[in-house]
Amino acid sequence: MDELRNHVKEMLANGTVAAVIGYKEAGSPMRTKPVIITAPEEAILLVFNEYCLNNLAVYLTKARVKNLARVNGTIKKLGIVAKPCDVHAVIALIQESQLKREDVYIISFNCNGVVKDYGETLTGETIASKCLHCDARQPLYHDKVFGELKDLPASPDEELAKIKSFDDMTSQERFEYFKNEFDKCIKCYACRAACPMCYCTQCITDKTIPRWVESSAHGRGNFSWNLIRAFHLSARCVGCGECERACPMDIPLSLINRKMLEVAKNDFAYLSGRNLETPTLVGSFDVKDKEEFIL
Amino acid sequence: MKIGVFICHCGENIGRTVDCPRVSKAAEWFPGVVHSVDYKYMCSDPGQNMIKDAIREKGLDAIVVGSCSPHMHEKTFRKAALDAGINPFLCEMANLREHVSWVHDDIEEATQKAIDLTRMAVEKVKRNQPLATIKVPVTKRTLVIGGGIAGIQAALDVANAGYEVVLVEKEPSIGGHMSQLSETFPTLDCSQCILTPRMVEVYQHPKIKLMTYSEVEKVEGFIGNFHVTIRQKARHIDASKCTGCGLCITKCPIRKKAFNSFEEGMAYRPAVYVPFPQAVPNIPVIDETVCTYYKNGKCGVCVKVCGREAIMFDQQDKLVTEEIGAIIMATGYKLYDISKKPDDSFIKGYGEYGYGKYKDVIDGLQFERIASASGPTSGEFKRPSDGKEPKKVVFIQCVGSRDDSKGFSYCSKICCMYTAKHAMLYKHKVHDGEAYVFYMDIRSGGKMYEEFVRRAIEEDGVKYVRGRVSKVYEQNGKYIVKGEDTIAGMPVEIEADMVVLATAMIAQENASTLAQTVGIPYDKYGFFNEAHPKLRPIESTTGGIFLAGACQSPKDIPESVAMASAAAAKTMVLFGSDMLEREPVVARVNELLCGGCFYCRKVCPYSAIEVREIKDRNGVVIKEVAYVNDGLCQGCGTCTATCPSKSVELMGFTNEQIFAQIAAL
Amino acid sequence: MTEEKWEPKVVAFVCNWCTYTGADLAGTSRLKYPANMKMIRVMCSGGIDPVFIIKAFERGADGVLISGCHPGDCHYNAGNFHARRRWTMFHQLLEYLGIDKNRLQFSWVSASEGKKFVDVVSKVVNDVRELGPFKGYKELNSEFTAVVNGLKQEVNKAEAVNG
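Chains as they are written, first to last, in the working numbering: chain A, 1 to 295; chain B, 1001 to 1665; chain C, 2001 to 2163.
Simulated from the structure, these hints should not be mistaken for laboratory data.
Bear in mind the structure is a predicted one, so any value in this text is a computation, not a measurement.
Backbone N, C-alpha and C define an ideal beta-carbon position, used for all residues, glycine too.
Any given hint could be a false lead.
[Said to hold, decoys possible] Distance condition first, Cα-Cα at most 27 Å in a straight line; then the derived DSS-like pairs of lysine-lysine:
no.: 1; chain 1: A; residue 1: Lys-288; chain 2: C; residue 2: Lys-2116
no.: 2; chain 1: C; residue 1: Lys-2101; chain 2: A; residue 2: Lys-288
no.: 3; chain 1: C; residue 1: Lys-2101; chain 2: A; residue 2: Lys-265
no.: 4; chain 1: A; residue 1: Lys-62; chain 2: B; residue 2: Lys-1646
no.: 5; chain 1: B; residue 1: Lys-1615; chain 2: A; residue 2: Lys-207
no.: 6; chain 1: A; residue 1: Lys-184; chain 2: C; residue 2: Lys-2138
no.: 7; chain 1: A; residue 1: Lys-62; chain 2: B; residue 2: Lys-1615
no.: 8; chain 1: A; residue 1: Lys-76; chain 2: B; residue 2: Lys-1615
no.: 9; chain 1: A; residue 1: Lys-265; chain 2: B; residue 2: Lys-1524
no.: 10; chain 1: A; residue 1: Lys-290; chain 2: B; residue 2: Lys-1534
no.: 11; chain 1: B; residue 1: Lys-1140; chain 2: A; residue 2: Lys-187
no.: 12; chain 1: B; residue 1: Lys-1025; chain 2: C; residue 2: Lys-2157
no.: 13; chain 1: A; residue 1: Lys-288; chain 2: B; residue 2: Lys-1534
no.: 14; chain 1: B; residue 1: Lys-1602; chain 2: A; residue 2: Lys-62
no.: 15; chain 1: B; residue 1: Lys-1002; chain 2: C; residue 2: Lys-2152
no.: 16; chain 1: B; residue 1: Lys-1233; chain 2: B; residue 2: Lys-1298
no.: 17; chain 1: B; residue 1: Lys-1040; chain 2: C; residue 2: Lys-2138
no.: 18; chain 1: B; residue 1: Lys-1602; chain 2: A; residue 2: Lys-265
[Stated by the list, open to error] Here chain C is said to cover these stretches of chain B; the calculated rule only asks that three of the stretch's residues, wherever they fall, bring their Cβ under 8 Å from a Cβ of chain C:
no.: 19; segment: 1082–1093
no.: 20; segment: 1488–1499
When you get a sec, could you build the whole thing from the sequences and use the hints?
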C-alpha cells in the first residue's frame, strides 16, 4: 500500500501524470470508493485491497476527468489504479479510440481476487464470481505493477453452470424467466452509468427521432432495452460485472453478458480487451466465419 | 405533406390478381394521401403524364407508385417526378408485380398484401428527404503503376485518347517480364520484337510522363481527386544530359560483383548498367551497393569517360507530387522463388526439387533467358552448370500452384502453355534431345492454345507424363527425377541433364504494402481484389482505381493487354464529364452525437470514413468524430448498423424511414 | 384476433442487390409463395440493424427473415461478412433470452436464386405457422395493445361511415 502511495506521490510530483483515479477507504476498512487524486499529498488516501470493487475505467471517458489531463494546452497522462480485469476495459477503450495508450498511466496489481460485496472476508464463499474464471490475474498491460500472486480461494463456477442449465429449458421457459427478470427494470440506467464501455455521447435509448427503444418502464420497453443493451455490449463487454452490481433491482445482467462472452470465445476465439494488436471482433471479419445457422 | 398514390395494373399483369381499384381506394385513407388513382400502364406516356399533372394540379409533395420492381422503373418515375418539379428522391415504389401479383394466386390475399406494401411505401416516403446528386470534380490525368505490358498498353490507350498519363515503374526500364521472354505462345513470335516498339512509343508520347526507377510513396484523396507522392530514386546519372552512349557501362571496372536480374541471375552486370540493351529509357543507373566510388571515394572511371558530364554521384532521391484523377494498377507478378521459404508464410517450399542447390534446376524465366537470342547463351541451349547442351530435359508443372499443402491453392494459369512452348523451343533447337513434361492436368483454354499443346505433343514429340514428381537428386552428373505416371500406374525415373520448374506466379513483392498505400483490398496471396468477380472485374472496390494484368490474378499476355485496355476505357468513362455525378445514397454522420469509437471506419469496405477533429476556439482538439467522404462512400450502410449510438445515417434509407415501414406492417 | 383467423406475419429485411433481385426473379418466373411475408429493402445486409428485428417483433411480427448476398458476392464486398458476425452474436442472444430460433431466420439468396427464395420464404412461413402467434412478445404489453386495438376500431368505424 505504501509502495502505491509513494509511487503515485512521485508521479504527481514529477508531473508524469496530471491526476490519478484510485480507491480510498469509505467508512470502514472493508469498503472503498473511487477518488481522484490531483495533489501529491493526497496520495496518502489511496488503498488497494479485495474491497476495490469499482471498475474505475468508467471515469476515463468522462469529460470532466479528461479535462484534468489538459494542462496549459497540452495533454498529460491520466493515472488509473486498475485491477488486471479492469485493465481489459482500458485496453478496450483504447481499441475503440476513446483513449490513447500514451495518455493513460496504468498502475495495476497482481490480483488475488475481490469480494462479492463490501464487509465480507474474502473466502471461497464470498469471492466475486468473475474471479472464479479469471484468465488474467496479472495485468496484460501496465506501466507499474505491485503485489504478489497468492492462491485464489477455490469455488465452483456457478454462473457458468447456471448458463449451461438454460440449455435444458425450453425457449418459452427462458423467455418467461427473462421476462420476469426484466419486468423488475425501472429504467434507471445505472447499468449504463456503471459500464466503462457505455461511453456514447447519446445512448440509443435516448434517441427520439426515430424512437429506438421504448423508454417507458413497461414490459416491452424493458425487454427491448435489456436486449439492446446486451447486444451493444456483445463482444465489447469485458465482463467486469459492474452493471449487475449497480442494478438496484438485482437483474442478473451478468448471466447475459457472460453468455455473450462465451459466444465470442467459442465462435470467434475472441476475448475483448486483451490485445491491442488484434482487431476488435466487431469491425473485422474472417471469410471463414461460421455460418451454419444461415439457410 | 401531400402524397399522391398511383396504382398500376400493368395491363393484366398486376390487375389479374390484385384488385387495383380497391388498393387505390384503400390508399386514399392513408394519412397524408390526398390523391390516389389506378391506371392500366403507369410507365406509359399517358401514365407518366397522369403523375405529372397530378403533381402540378394537386400540389403533391411526394409520390408513391405501386407497380413493378424499383429495379425496373424507379428511374422512370423519379424522372417524371423531377419533370413535374419535385425532388426525384421523394418518389417511392411499392412492388406490386414481382412481389405480389406474379407470386400469389389468391385475389383477396394479394390485394391485402398490395395494400400493405403501398402503406409501407407511403409511410416511408413521408420521411424521405429531398436529396441532390453529389457532384465531384475530376482531374483528367491517369496514374499507371507498373511499366510491364499491361501498364504500357493502359498508358498508351489513355494517352491516345488525349488524356495525360503518368507512368511509374520501379525498375530502371519499362518492359516488365515480357521483355525477358524469348518467344510467345501460341504464335511463337519474338517477344522483344513486338514489345520494343510499344516501349518506344510510350517514351516518345507527348501525353505520357514516364517515371522509371520510381515508386509510389503516398496516395491521398479519392476518385477524380488523388494526390500522389512519387519517389524518384537517385540514378546518379543526369537524365537530361545522358545520351545513352553506354561508354560508362563498357568502361566500368566492376564486372562481376552484381548479378544481372534481367538475366535471372545467370550473368553479371557492372556497377553502372542498363537492365538490357533495348531499355527505355536508355539511361543507366549506378548501383550504390557495389560501386567503388561509394566505398572509398575512388575510381570515377565513368566520370572520366562521360563526355557529357552526366555522372552525379551526389544525386538524391526526389519526391514528386502529382494530381491524378484515376489510377491503374499494373504491377504484375513474380515467380515463386521455391528455394527460399518465406518465414512468416503458410508456404512450405519445395526443397526436394533442389532449386537453388543444383545449377541446372531452373525456373521458367531462367529458361526464357536461355532460349532468348539476346540471353546469356545467345539463344543456344547450354545448361548453366557446365555450358553443355542438355540432351534430356524434364519440365515439371504446378510447382507451387494447385498445391494446398506446400504452395498456393490457385492455378497459375499460364504454365501449361509456356511449358509446352519451352519444350517445343527446346525440341526445335536440339533435334536429338528428349523433353518430358510432368503435369497434373493440361489447362489450355484459349484461342489456338489447345492446338498449340497438341502440336508440342504430336509434331514435336514432347513426352507428357501425368503425375507428380517426388524428388530430384544428382547422381553421376545426371539429375534423377523420380515421379509417378498415374495413367500407367507406375513409378517413373528419368535421368535428366536439366530440370525446368514451372513455378507458381505470385503477387509482386510488397504488393500488399502498395495496396495499403493506394487503399485497395487484396487477397491472402497479395493479388489485388476486383470490385465484383463477375460484373466489375476491372475496378477495384475503391472508386477511380482500376486493375490491369497479373496484379489481379495470374494472366497471360493477351488477357493482360485486354484488361489494360478495359482499365483505360474505364478511366475514359470517368473522364467523360467534368463533374462526377453520383446517387446521393451516402452515409452522413451527426458530428454532435458521434462518440468517436470509429467502428464505422473499421467496417467500411471503401475506407470512406475519415477522422475529423473538432476544435474549440483556441484550436484545442475537443474530440474526434467520423466524417464520410462522399467521393468514396458507395452507400451500403454497414456503418449505420454498426454505429452503437446511431450517429450515422444512410440517406434515402434512414432508420426513421425503415422504422416507419416496420410500423406500417 | 381469433385463433382460426390467425395468419403468420413475417417481415423480411433483404439487400437490394441479391435477395431483392432474387425475389424479383421469383416473380418473373411466376413461382408461388405464401403472401404472409412482406419485404423491406435495404441497400446491403450489412446495413440491417438488429434493432429492426426487435422493432418488427414489437410491431407484431411473428417471424423475421434476414437475407443477403452469398459470402463473396456482396455488392459492397464485405458488408455481408460484417453482417454475418453481427447475426452470429444476435441470434444466439435472442435464443438465449427465449426467442425460438425459428422466429428469426437468416439466408443467403443470390439474384439468380428465385427458386431458393421461394423455398426459404415457404420454410420460414411454415416454421412460424407451426410455432403459432408470437404471444410472448405480443403480451409483453397487453395494455398497450388494447389501446391500439381500440384505435383500430375507431379507424374502421370512420372508414365505414365515410365509405
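So, going through the hints one by one against the coordinates:
Distance check on the hinted pair: A:Lys-288 and C:Lys-2116 sit about 23 Å apart at the alpha-carbon level, within 27 Å; holds. Only pairs whose Cα atoms come within 27 Å are accepted, and C:Lys-2101 paired with A:Lys-288 is accepted, the gap being roughly 23 Å. At most 27 Å may separate the alpha-carbon atoms for a hinted pair to count; C:Lys-2101 and A:Lys-265 meet this at roughly 21 Å. Between A:Lys-62 and B:Lys-1646 the CA atoms are separated by roughly 20 Å; this keeps the pair inside 27 Å, and the hint holds.
Restraint check for B:Lys-1615 and A:Lys-207: the C-alpha separation of about 25 Å stays at or below 27 Å, so the hint holds. A hinted pair counts as satisfied when its Cα atoms are at most 27 Å apart, and A:Lys-184 with C:Lys-2138 qualifies at roughly 18 Å. Between A:Lys-62 and B:Lys-1615 the alpha-carbon distance is near 18 Å, which keeps this suggested pair within the 27 Å criterion. Restraint check for A:Lys-76 and B:Lys-1615: satisfied, since their Cα atoms lie roughly 18 Å apart, inside the 27 Å limit.
Taking the CA atoms of A:Lys-265 and B:Lys-1524, the gap is about 24 Å. The hint holds against a cut of 27 Å. Only pairs whose Cα atoms come within 27 Å are accepted, and A:Lys-290 paired with B:Lys-1534 is accepted, the gap being roughly 25 Å. With a CA separation close to 58 Å, the supplied pair B:Lys-1140 and A:Lys-187 exceeds the 27 Å bound. Between the alpha carbons of B:Lys-1025 and C:Lys-2157 the distance comes to roughly 16 Å, so the proposed pair stays at or under 27 Å and holds.
Between A:Lys-288 and B:Lys-1534 the alpha-carbon distance is near 21 Å, which keeps this suggested pair within the 27 Å criterion. For a cut-off of 27 Å, the pair hint linking B:Lys-1602 to A:Lys-62 stands: about 24 Å separates their Cα positions. Annotation: proposed proximity of B:Lys-1002 to C:Lys-2152 holds, straight-line Cα distance about 23 Å (limit 27 Å). Using a Cα cut-off of 27 Å, the hinted pair B:Lys-1233 and B:Lys-1298 holds, with the two alpha carbons roughly 23 Å apart.
Straight-line distance between C-alpha atoms of B:Lys-1040 and C:Lys-2138 comes to about 41 Å, which puts the hinted pair past the 27 Å bound. Distance check on the hinted pair: B:Lys-1602 and A:Lys-265 sit about 21 Å apart at the alpha-carbon level, within 27 Å; holds. Three residues within the 8 Å Cβ limit are the bar, and the segment 1082–1093 of chain B against chain C gives 0, so the coverage statement is violated. Here the segment 1488–1499 of chain B counts 0 residues with a CB under 8 Å from a CB of chain C, which misses the bar of 3, and the coverage is violated.
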